[in-house]
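Asks: Now for the letters of each chain:
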Amino acid sequence: MEKLYTLVENFTTYPGVSGFEDSAFDGLRAYVETLGIFDEMGTTSVGSFYAIMRCGKANAPLVLCDAHLDTIGFVVTELCEGGFLRVANIGGIAAKILPATDVLIFGKKTIRGIFASKPPHLQEPGESEKKMEVTELFIDTGLPLDELKKIVRVGTPCAFPCRLTKLLGENLAGAGFDDRLCGASIVRALQMLDKSKLNVDVAFQFSGGEEIGYKGAMTTAYRLNPDKAIVIDVTHAFVPGAPKTREGVRAGNGGDICLSPQTNRAWTKYAISVAEREGIPYQLSAAPGRTGTNSNAVQTAGSGIPTFLVSIPLKNMHTMSEIVDMNDALNTSRLVAAVLQSL
Amino acid sequence: MMKYLKKYCDILGPSGMEDAVREAIIEDIKGSGCEYETDPMGNLIVFKKGKQRRDKKVLFSAHMDEVGFMVKFIDEEGYIWFDAVGGIDRRVVSGRRVLFCESGINGVVASKAIHMQTPEEKGKCEPISEMRIDIGAKDREEAKQYITVGDCCVFTPNYEEFGNGLVCSKALDDRFGCAALVAMINSDLEYDTYFAFNTCEEIGCDGAKEVAHRLRPDIVFALEATTAGDILGVPKGKCACSVGSGAVLSIMDRSTIYDQSLLELATKVADEKKIKWQYKNVVAGGNEAGVYQRGANGAKVLAISAPARYIHSQSNVLSLEDIQAVADLAAAINERSFN
Numbered sequence: 002m003e004k005l006y007t008l009v010e011n012f013t014t015y016p017g018v019s020g021f022e023d024s025a026f027d028g029l030r031a032y033v034e035t036l037g038i039f040d041e042m043g044t045t046s047v048g049s050f051y052a053i054m055r056c057g058k059a060n061a062p063l064v065l066c067d068a069h070l071d072t073i074g075f076v077v078t079e080l081c082e083g084g085f086l087r088v089a090n091i092g093g094i095a096a097k098i099l100p101a102t103d104v105l106i107f108g109k110k111t112i113r114g115i116f117a118s119k120p121p122h123l124q125e126p127g128e129s130e131k132k133m134e135v136t137e138l139f140i141d142t143g144l145p146l147d148e149l150k151k152i153v154r155v156g157t158p159c160a161f162p163c164r165l166t167k168l169l170g171e172n173l174a175g176a177g178f179d180d181r182l183c184g185a186s187i188v189r190a191l192q193m194l195d196k197s198k199l200n201v202d203v204a205f206q207f208s209g210g211e212e213i214g215y216k217g218a219m220t221t222a223y224r225l226n227p228d229k230a231i232v233i234d235v236t237h238a239f240v241p242g243a244p245k246t247r248e249g250v251r252a253g254n255g256g257d258i259c260l261s262p263q264t265n266r267a268w269t270k271y272a273i274s275v276a277e278r279e280g281i282p283y284q285l286s287a288a289p290g291r292t293g294t295n296s297n298a299v300q301t302a303g304s305g306i307p308t309f310l311v312s313i314p315l316k317n318m319h320t321m322s323e324i325v326d327m328n329d330a331l332n333t334s335r336l337v338a339a340v341l342q343s344l
Numbered sequence: 000m001m002k003y004l005k006k007y008c009d010i011l012g013p014s015g016m017e018d019a020v021r022e023a024i025i026e027d028i029k030g031s032g033c034e035y036e037t038d039p040m041g042n043l044i045v046f047k048k049g050k051q052r053r054d055k056k057v058l059f060s061a062h063m064d065e066v067g068f069m070v071k072f073i074d075e076e077g078y079i080w081f082d083a084v085g086g087i088d089r090r091v092v093s094g095r096r097v098l099f100c101e102s103g104i105n106g107v108v109a110s111k112a113i114h115m116q117t118p119e120e121k122g123k124c125e126p127i128s129e130m131r132i133d134i135g136a137k138d139r140e141e142a143k144q145y146i147t148v149g150d151c152c153v154f155t156p157n158y159e160e161f162g163n164g165l166v167c168s169k170a171l172d173d174r175f176g177c178a179a180l181v182a183m184i185n186s187d188l189e190y191d192t193y194f195a196f197n198t199c200e201e202i203g204c205d206g207a208k209e210v211a212h213r214l215r216p217d218i219v220f221a222l223e224a225t226t227a228g229d230i231l232g233v234p235k236g237k238c239a240c241s242v243g244s245g246a247v248l249s250i251m252d253r254s255t256i257y258d259q260s261l262l263e264l265a266t267k268v269a270d271e272k273k274i275k276w277q278y279k280n281v282v283a284g285g286n287e288a289g290v291y292q293r294g295a296n297g298a299k300v301l302a303i304s305a306p307a308r309y310i311h312s313q314s315n316v317l318s319l320e321d322i323q324a325v326a327d328l329a330a331a332i333n334e335r336s337f338n
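Residue numbers (the numbering used here), protein chains in the order written: chain A, 2 to 344; chain B, 0 to 338.
The following block holds chain A by itself, in its conformation from the complex (with noise of 0.2 Å):
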């Protein structure tokens, strides 16, 4: 548990916002380089990362392990006098968990900004329960306009800090849980692999552009050809006001495997019953449509790779204070592990 904690707090570390992966690539690849299980490392024109870890076995299978490298955040859309800046989303943010939280703006430098709220002297009586849309809002960044255009320009991305809090048990707070945990509970996985008895090559793959479309997943999928794939993403965990069919899926219960025309059915029943062999905990649940994941680009990459999904529950998606409890992000490690193990 300890080791995953640390990937975690390295991982969450770089920035990455969607079609921005590219300021992460330095930071990842020196530290997975550090972790000295990987035989290959590279990068793609469309903000992915991978590495892979050779078996030595000749003519060896390639399994595809996919989390997505880009995370939720802001791209900056005008500078405005009094060193207001005002932003766009990238990948869906409500607006009220904005005022007078503080994102980190990468420019030129990387500064610190802090959303306006409004004063209550300006506001009108009944304001606070109206609508309200990311783009009326802005960014303080406490500098005067000429010294910010140094610093900043349309186009330049913001995102949360992460700070990780522990709360009760194994439950962490943190922002780009979404998908950075997944990045760290694939390596925890690998890391748990008896290289001597694998029978497999395991590509990691970072992808990116997740949440604005899954362009990266495609790509490096047809890029490393593999066999067959696992999709790693978050899921919603259950939480008070949450459909009725979100019951059944809660934090603490392991890491979510899910049924979906868009996954392989004989690939996920495989996966289900290594997970019962081996006791580790799961949870099912089921996509009828779409999972809202990496799983159709990565299955239907080149010619089609079997894949399936298993996501880590989590609270609060898309804020600043998502919520994971680790436990189930070291169980998604076992399960990954032993299904890549048990081929």
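Just so you know, these hints were derived from the structure itself, not from any lab. No experiment lies behind these values; they were computed from the predicted model shown. Glycine is no exception: its CB is placed at the ideal position from the N, C-alpha and C atoms. Certain hints may be false.
Listed next, with one range per pair, are the computed distances between beta-carbon atoms [stated by the list, open to error]:
#	chain 1	residue 1	chain 2	residue 2	range
1	A	GLU10	B	GLY232	38 to 46 Å
2	B	GLY232	A	LYS4	30 to 38 Å
3	B	GLU120	A	GLU79	26 to 34 Å
4	A	LEU36	B	LYS137	28 to 36 Å
5	B	GLU160	A	GLU10	21 to 29 Å
Below, in silico cross-link-like pairs of lysine-lysine (DSS-like), each with a Cα-Cα straight-line distance of 30 Å or less [unchecked claim]:
#	chain 1	residue 1	chain 2	residue 2
6	B	LYS5	A	LYS109
7	B	LYS143	A	LYS245
8	A	LYS167	B	LYS5
9	B	LYS275	B	LYS6
Among chain A residues calculated to face chain B with C-beta under 8 Å, some are [claimed, not checked]:
#	residue
10	ILE53
11	GLY93
12	HIS237
Given the coordinates of chain A, assemble chain B onto it according to the supplied hints.
Replies: Positioned in the frame of chain A, the structure of chain B alone reads:
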């Protein structure tokens, strides 16, 4: 003064739970040769002898409490229902981190993922009384091992300097005032001076009421944070005051018409000492000065304020220069005899 600022801002002290703030202040002033006592309401009252006596009782006042939240109910799922202590806009609460004062437990104000919000919910913010805090408890049983009804929490400490000499924290309102007074107490004073560090300002200036009765001051200066509306799109006439433009002096607000002779004196002293200052240009808000003005025998009052953006949120934003200006102006005014 700046050495006290971060320390005081990071302390957890919502209204009614100011003990930790008071202890830190006592620790910092007890070597200064002042006399101090804590009254039954928890207010810390300090007297520091100067080189000369004063005929009039002159008091400098700041409040120790900050806005926060109090636990009202723990539900079966282990979520904590709560409401605000002090005035907090519902739109600065959802998804933010909190820290519980009694147990030191961390929490997150639950914020249902945007993907699961209904069309009616999208873009809207529920009232604070319908929000819940998630501490990671699996059920009520586990939550109750750490939290009980009536426990308090505040925004998680996050003191940070940024931008062009700005500082951001959950509790600059009014810990900066506390820091400024502590610096005065620890300096050599020309005249005998009283100081008060008050409780429960955020819920109606209750602490100051007690202090007014106990001390019966003649002249009171309240050091406070006041709302600055100098943000994008707000015309200058509606800003109230601007961050970076110096100490704020008001003619009137919702609770007080300030003493004209003190106001005139303050502007004169500021100009003489070349301390940056500005008038507050809207009639809004209120502070402890109003309570002192009509408390006991009544007192002449003036507020010396620091402009603060996003007051009563996790991110009060103030300028370090403005804070210094307030402290300098208070100290300079205190060099007057008032006889």
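Asks: A separate judgement is required for each hint: does it hold in the structure or not?
Replies: Hints, one by one, checked against the model:
{"no.": "1", "hint": "A:GLU10 x B:GLY232: 38 to 46 Å", "result": "holds, 39 Å"}
{"no.": "2", "hint": "B:GLY232 x A:LYS4: 30 to 38 Å", "result": "violated, 49 Å"}
{"no.": "3", "hint": "B:GLU120 x A:GLU79: 26 to 34 Å", "result": "holds, 28 Å"}
{"no.": "4", "hint": "A:LEU36 x B:LYS137: 28 to 36 Å", "result": "holds, 33 Å"}
{"no.": "5", "hint": "B:GLU160 x A:GLU10: 21 to 29 Å", "result": "holds, 24 Å"}
{"no.": "6", "hint": "B:LYS5 x A:LYS109", "result": "holds, 28 Å"}
{"no.": "7", "hint": "B:LYS143 x A:LYS245", "result": "holds, 27 Å"}
{"no.": "8", "hint": "A:LYS167 x B:LYS5", "result": "holds, 23 Å"}
{"no.": "9", "hint": "B:LYS275 x B:LYS6", "result": "holds, 26 Å"}
{"no.": "10", "hint": "ILE53", "result": "violated, 33 Å"}
{"no.": "11", "hint": "GLY93", "result": "holds, 4 Å"}
{"no.": "12", "hint": "HIS237", "result": "holds, 5 Å"}
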